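> So the chains spell out like this:
2 protein chains.
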Amino acid sequence: MATITGVRVEDVRFPTSATADGSDAMNKDADYSAAYVVLETDAPDPAASDSAGPSGSGGTLGGYGLTFTIGRGNDIVAEAARQQAAVLVGRDVDELVADMGAVYRDLTADSQLRWLGPEKGVVHLSLAAVLNAAWDLAARRAGKPLWRLLVDMTPEQLVDVADLRYLSDALTRDEALAILRSREAGRQERLDHLERTGYPVYTTSAGWLGYSDDKLRRLCQEAVDAGYQHVKLKVGANLDEDVRRLTIAREVLGPDRNLMIDANQVWDVPQAIEWMRELARFDPLWIEEPTSPDDILGHAAVRRAVAPVGVATGEHCHNRVMFKQLFQAEAIDYCQLDTGRLASINEIVAVLLLAARFGVPVCPHAGGVGLCEMVQHVSVLDYVAIGGDLTGRVTEYVDHLHEHFTDPCVVADRGAGTAYVLPALPGYSTQMYEESIDRFRFPDGTYWVGETSVGGAPVRDTPVPDTSVRDTSGHVPH
Amino acid sequence: MATITGVRVEDVRFPTSATADGSDAMNKDADYSAAYVVLETDAPDPAASDSAGPSGSGGTLGGYGLTFTIGRGNDIVAEAARQQAAVLVGRDVDELVADMGAVYRDLTADSQLRWLGPEKGVVHLSLAAVLNAAWDLAARRAGKPLWRLLVDMTPEQLVDVADLRYLSDALTRDEALAILRSREAGRQERLDHLERTGYPVYTTSAGWLGYSDDKLRRLCQEAVDAGYQHVKLKVGANLDEDVRRLTIAREVLGPDRNLMIDANQVWDVPQAIEWMRELARFDPLWIEEPTSPDDILGHAAVRRAVAPVGVATGEHCHNRVMFKQLFQAEAIDYCQLDTGRLASINEIVAVLLLAARFGVPVCPHAGGVGLCEMVQHVSVLDYVAIGGDLTGRVTEYVDHLHEHFTDPCVVADRGAGTAYVLPALPGYSTQMYEESIDRFRFPDGTYWVGETSVGGAPVRDTPVPDTSVRDTSGHVPH
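So the sequence lines, in the order shown, correspond to chains A and B. Here the working numbering is used: position 207 in the first sequence is 207, and no number is missing along the way. Here the working numbering is used: position 312 in the second sequence is 312, and no number is missing along the way.
Think of the hints as simulated: they come from the structure by calculation, not from any bench. All values derive from a computational prediction rather than experimental measurement. Glycine residues also receive a C-beta, built at the ideal position from the N, C-alpha and C atoms. One or more hints might be untrue.
[To be verified] Not the full set, but computed from the structure, chain B residues with beta-carbon under 8 Å of chain A: (1) Asp29; (2) Ile76; (3) Glu79; (4) Val89; (5) Leu113; (6) Lys120; (7) Gln229; (8) Asp268; (9) Val269; (10) Pro270; (11) Thr291; (12) Asn319; (13) Gln328.
[As the list claims (entries may be wrong)] Not close to chain A: a few residues of chain B, all C-beta gaps over 12 Å, as computed: (14) Pro155; (15) Arg217; (16) Asp225; (17) Asp294.
Use the sequences and the hints to build the structure in full.
This is how it looks when you write it as structure tokens:
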């Protein structure tokens, strides 16, 4: 018998604002952060001896999960996660992981905490962190990477973990089962294909708004050299600058590679339509987050106006009810669900099923902290067991902060374009090195303690670490 | 010159779960709570000598605001408010209150905190609390009740405080100004009318789900005796029980008084439609929160199916973008905006303008802690300056927890049905007695310290205070 003996939640913040990584028209000074949850157990960790580095588990099995924020307020999410995860302490590990639908229901049963959303904002982000840790624990206990634990489930098991509440006008349980059963044919072929080629990715590393033209040109060229067929740029702060930057990007990419653009919610609906009239000539595959993430009808109006340019959104789409409506309203061409924003696999499976039902390709949002590590599992699940198609699918990849993870994602071009190499170690790839936590824990990690403040402006007496801007071609195979 | 010298945020929780007040199909054990914000200044308080009781202001002017939660997690909202309000410390009071649009923009400018919503959940609730305190301060500094400060504004001033971002596809600034200008005729007559009759209210005190049939019957009769023309009941947990309870209510109310029902989000869309087929025979004026508050298209589908029964929602509608779509989709008959959920007057004015533009009556949500105190100001503003109509309007009133406020709302029947008597004291009526805070502050208030716990169930060694279930007719005139 193994028991969950404790919960540890850490507020980890990386000083990415110092290098303009992650800068866009809405978010100019992001410090990429994680509210990081550890479910501690007294079970031995069978993988402990294989570990590439210190796991902080002391040889016992743990579940590691996180949600992503961009700095201030990460402590608030961490505190919410602490309160939500408390109900798991003392629970039997094997009983817990045997019914992950029940775990979800237990964690969402507190009507007092529900009020603070419901199903949105801080309490939903923190719920994602806790559930991500629980799913990581389940996969580690099974000795499988999470994607394999999920594709090994029967249709009934997969539907039983999914939260289908509020969805029955668009997707009943029977319809969900029918989708999953229809995907049983060809599963092994699809899995073999992914094992050979990986899951296709695009890069956002080139196009942050705070980068100079020279840096933009160089990074676009590096992306081309690394085999990327898709590159995404940030737009929306200034039309003339957008035109200049897209001209550079299109020159480097040529006419055939895909260029995506992302406005990060800065426009009203009429403004999005007007602005896109000017940017359409760069032939973008999609415009991402053209307006408020809550504006389902607004996205639909933009989509009608800017076609054939596609509309994409999802990183701030806060739950399955919102995605249901984006599909019902025919508001988006690409579903960019987020593994730190939705309530982990339980809600993600529901959204993948909805997307399959409505025929909308899922191209998950990633970047941030640990999102790339998670989305690779989700995309494999989608192709093998739910969506069953790679047409129009491409998952985000951003080349930073992976060095803090014990099982970092790996991208490589194996002849079919740059792609995520399938994770092979047990878990959700969400465990961070304890050294990274000790260094970047806020406010008492060694990095942050080394900082002194003058007149409110942070002045660091240790150099800013090069946590990003790695050469996109410098990957080792997994 | 007067300065904001500090911010104090209190986590205040009332043990309402002990008496089933506030119980509904979704929320069975609510402990009505407030994240309470005090903006402290060094300005003398001209009203200090009039104060009916200890104000805790020490004779200096303060701004008092809150948002409402139902217990656990109130500390999380309080901490978010603390972080957001910090930017106000050191600011000049008169400069601040002279440009409340700028205050709103300053408090929402932090893109790192924005990420945690955006514009929803904990960070939006806490923003409401801080902005409510700022508006209270502005009204106190002007020596006016908040509704009067607002109706004394010119159309330009009122539009300048409103957040119209993301609304221009439904309401431009010019259209907003045109609505306000069109309401200038007849303002004085409408105000005179309200001064005479008050603003019409309905009561929810009778119909909490946890009440026995006898208590339900008695409270419905008391509501009739007190002059109420509208009574609301909770439904949705069990169809047979709903039929039994509505039969009792309709018997007592007779055929002509209005009966509203509230499902508190428990149904899926098809289930709502099916359930309402059974309850329609009780001729409810509206069904409130039939499904997820995020489900705009779902509400529209329910509305089409259940007409002529109306559909109402709003207490969990998290921002103006959601209300815009509820109006665009013709999803609701009644807009139940919430003064603790929306970002105070700045966002409420935007929603009132949208409602006027689309011709949807605004019947604000109240109850909770301090919501009644606030909505009376909003409803007066709406009738006098924005909506300009009382047809179909009735504002919620719940008879509990008012005794904790220094300027509690008052309802009375002055011949036109039970109504809120217009507040006369300066401010937003949001100041609580320091004694109440000292007693119910969590976890160290005298009430909570006096409680001991046996086997997880709270056993109080002080009697549960009678914070509710007051005789609905026992009001003193304001």
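> All the hints need checking, so say for each whether the structure fits it.
Hints and how they fare:
{"no.": "1", "hint": "Asp29", "result": "holds, 7 Å"}
{"no.": "2", "hint": "Ile76", "result": "holds, 5 Å"}
{"no.": "3", "hint": "Glu79", "result": "holds, 6 Å"}
{"no.": "4", "hint": "Val89", "result": "violated, 13 Å"}
{"no.": "5", "hint": "Leu113", "result": "holds, 5 Å"}
{"no.": "6", "hint": "Lys120", "result": "holds, 5 Å"}
{"no.": "7", "hint": "Gln229", "result": "violated, 30 Å"}
{"no.": "8", "hint": "Asp268", "result": "holds, 4 Å"}
{"no.": "9", "hint": "Val269", "result": "holds, 4 Å"}
{"no.": "10", "hint": "Pro270", "result": "holds, 6 Å"}
{"no.": "11", "hint": "Thr291", "result": "holds, 6 Å"}
{"no.": "12", "hint": "Asn319", "result": "holds, 7 Å"}
{"no.": "13", "hint": "Gln328", "result": "holds, 5 Å"}
{"no.": "14", "hint": "Pro155", "result": "holds, 21 Å"}
{"no.": "15", "hint": "Arg217", "result": "holds, 27 Å"}
{"no.": "16", "hint": "Asp225", "result": "holds, 33 Å"}
{"no.": "17", "hint": "Asp294", "result": "violated, 4 Å"}
Hint check: violations occur at hints 4, 7 and 17; the rest are consistent with the structure.
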